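With the hints as your guide, set chain B onto chain A.
Below are the chains, spelled out letter by letter.
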Amino acid sequence: MNAPARTLSGADGLKRLSVATPDQPLRLDSGRVLENVEIAYETWGTLNADKSNVVVVCHALTGDQFAATPNPVTGRPAWWDRIVGPGMPVDTNRFFVVCSNVLGGCMGSTGPASKKPDGSYWGTDFPIITIADMARAQIALLERLGITDIFLAIGGSIGGMQVLEWTIQARDRVFAAVPIAVAPRQSAQNIGFYETGRQAIMADPNWRNGAYLAENTRPEKGLAVARMAAHITYLSETALKRKFDRKLQDRQAKTFGFDADFQIESYLRHQGQTFVDRFDANSYLYITRAMDYFDLASEHGGVLANAFRGLNTRFCVFSFSSDWHYSPEENRDLVRALNAAGCETSYVNIETDKGHDAFFVEEPEFEAGLRGFVDAAANARGVPKARA
Amino acid sequence: MTFAPNTSAIRRADHVAIAQFINKGELVLDVGCGDGQLMQLLQAERGARTRGLEVEHTGVNRCVAKGLAVVQGNADADLPVYPDDAYDVAILSKTIQELARPKFVLDELSRIARRVIVSFRNYGHWRVRTALLTTGRIPNLGHDAGWWSDGARRPCTARDMAELAAEAGLTVAAATAVGGKPVTGKSLGRLNWTADELVFVLERKKA
Chain A
1 MNAPARTLSG ADGLKRLSVA TPDQPLRLDS GRVLENVEIA YETWGTLNAD KSNVVVVCHA
61 LTGDQFAATP NPVTGRPAWW DRIVGPGMPV DTNRFFVVCS NVLGGCMGST GPASKKPDGS
121 YWGTDFPIIT IADMARAQIA LLERLGITDI FLAIGGSIGG MQVLEWTIQA RDRVFAAVPI
181 AVAPRQSAQN IGFYETGRQA IMADPNWRNG AYLAENTRPE KGLAVARMAA HITYLSETAL
241 KRKFDRKLQD RQAKTFGFDA DFQIESYLRH QGQTFVDRFD ANSYLYITRA MDYFDLASEH
301 GGVLANAFRG LNTRFCVFSF SSDWHYSPEE NRDLVRALNA AGCETSYVNI ETDKGHDAFF
361 VEEPEFEAGL RGFVDAAANA RGVPKARA
Chain B
1 MTFAPNTSAI RRADHVAIAQ FINKGELVLD VGCGDGQLMQ LLQAERGART RGLEVEHTGV
61 NRCVAKGLAV VQGNADADLP VYPDDAYDVA ILSKTIQELA RPKFVLDELS RIARRVIVSF
121 RNYGHWRVRT ALLTTGRIPN LGHDAGWWSD GARRPCTARD MAELAAEAGL TVAAATAVGG
181 KPVTGKSLGR LNWTADELVF VLERKKA
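Keeping their order, the protein sequence lines are chains A and B. The working numbering numbers the first residue of the first sequence as 1 and each following residue consecutively. The working numbering numbers the first residue of the second sequence as 1 and each following residue consecutively.
FYI, nobody ran anything at the bench for these hints, they're computed from the structure. From a predicted model like this one, the values you see are computed outputs, not experimental measurements. Positions of the beta carbon are idealized from the N, C-alpha and C atoms, including for glycine. Among the hints, erroneous ones may be present.
Said to hold, decoys possible - Quick list of the computed label-pair ranges, beta carbon to beta carbon: (1) A77(B) with D295(A): 36 to 44 Å; (2) D84(B) with P364(A): 54 to 62 Å; (3) R171(A) with F104(B): 29 to 37 Å; (4) G47(B) with Q169(A): 53 to 61 Å; (5) A386(A) with R190(B): 54 to 62 Å; (6) T274(A) with G151(B): 24 to 32 Å; (7) R269(A) with H57(B): 30 to 38 Å; (8) N23(B) with R76(A): 53 to 61 Å; (9) V33(A) with K205(B): 55 to 63 Å; (10) G151(B) with G146(A): 33 to 41 Å; (11) D84(B) with G301(A): 18 to 26 Å; (12) D84(B) with Q169(A): 27 to 35 Å; (13) G151(B) with Q199(A): 25 to 33 Å.
To be verified - Not close to chain B: a few residues of chain A, all C-beta gaps over 10 Å, as computed: (14) Q24; (15) V73; (16) K243; (17) L248; (18) F262; (19) I264; (20) M291; (21) S298; (22) R314; (23) C316; (24) A337; (25) E344; (26) E365; (27) R371; (28) D375.
As the list claims (entries may be wrong) - Below, in silico cross-link-like pairs of lysine to any residue (SDA-like), each with a Cα-Cα straight-line distance of 20 Å or less: (29) K24(B) with A380(A); (30) K221(A) with D259(A); (31) K221(A) with H270(A); (32) K24(B) with E344(A); (33) K221(A) with T196(A); (34) K94(B) with G25(B).
One chain only, chain A, in its complex shape (with noise of 0.2 Å):
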């Protein structure tokens, strides 16, 4: 965990345009207001004439605006080219697809890791943001690009939740919708999850309330703790079982110590370690918290459908058997409201045992139907069909 010290947000050769002004500030839901945003993006394919093959590709907590192509800042490989790519079921022979980094992320775009006008880092002096904020942002962000109207939002998990608040925010400017093993809300045991997540990182001497940056330290023994509890809840029981079970790591028997004896200890200080060279601490603490506050249903009179009533926005809501972060029934709780809303909507729970993260890996019925809702999509709206 010697990460060298490396602020996120100053690294150059990110694309980054700005959002907001102080002649047009961000307004969040918390009531306060960002003067200067930028939000950090990637883009790939070529936007058509009449700009109808608009993608947006919306991250989930821990990723960045690198869905397609690798990371030049940590050397990372794209993390989703197995969906978003030449001949992939979102076709950047078809499509111009925009990826950006959350309001509050840490890979370019405004957040705690950035720096006031005044010279000095926000840290926890940022303000509280919600999901609705990321979206307003990455709305004003297409806007900055020339676009208004978008063929396709898609995105897993979190990203789902921004999917939804785009149609909502967007509203009838969203032609069709992918949120992907997301939630309507975020759950009990979600918030539990992540508030032990945040209570590592704010117990680590070296978060210093948040001014580490400023102190040149970095909490990252607590930020890696939340990493590993928070992993545990991506994976499955069964997948846990199939890939370690109760093997040994690199020897052949008990120590009767606390090193890492068992290979899923090793596998989760790994995912700590690594998450910690790449993410910033209070970045993770605020999307975090903006997840918590995440609920759809009470900012639309506690009805859940009335989000979505009237919206022509045509939906393809996917869920994984053995996501227990965002379980099937959540995601069809979702369903039901779009039903109930009128909505075009189609849904398809996934038989996998890979847990919340399977939509980041090898499933092939996912994959097969996801390229023929939005090759149906594409065809409906007039794209024109990729050039072979």
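This is chain B only, laid out in the frame that chain A set:
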């Protein structure tokens, strides 16, 4: 496992019998839509807009991969959330005899859609009646493993189905034997003797 698009346009006789009652542009809910063959037929040949509900995930996957709008769900549980009059037509194609709660489902569909079309195996056919008379056993029309097997079909006749429709506040506006010519609801007696598979068009009773 990948799913090739279904290019072989198989026109099942019962689907063709149902399709004749669908008008251009109507919004249709196919309950128990399987892999979507009927919806494809209704789109291609009747210009209908279709939605599907299917309990088996393999069928749902195939539908979505074909670009059909289908929700994985259970007719016995998921219908109450649908709004009144959301659809022009709801279809139960060889599904009603496999439901746990047929009366409940028909009640819900009659609320959701202005017309309900059901297709079913008719246990009132003269061969079935004769077989029961001569063998003393319930004839098995649906390839069930036995009358006691899980999910075994509910045996009912044309008159039984008309009785259920009446219970649900519906009348038989039209009926046809699969492969036959449509008749009005008044000619059910003859159909009940001669048809082994039937399609009923049910409409709400005029108040």
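Looking back at the hints listed earlier, which ones does the structure fail to meet?
Result: hints 1, 2, 4, 6, 10, 13, 22, 23, 24, 25, 26, 27, 28 and 34 break, sorted rising.
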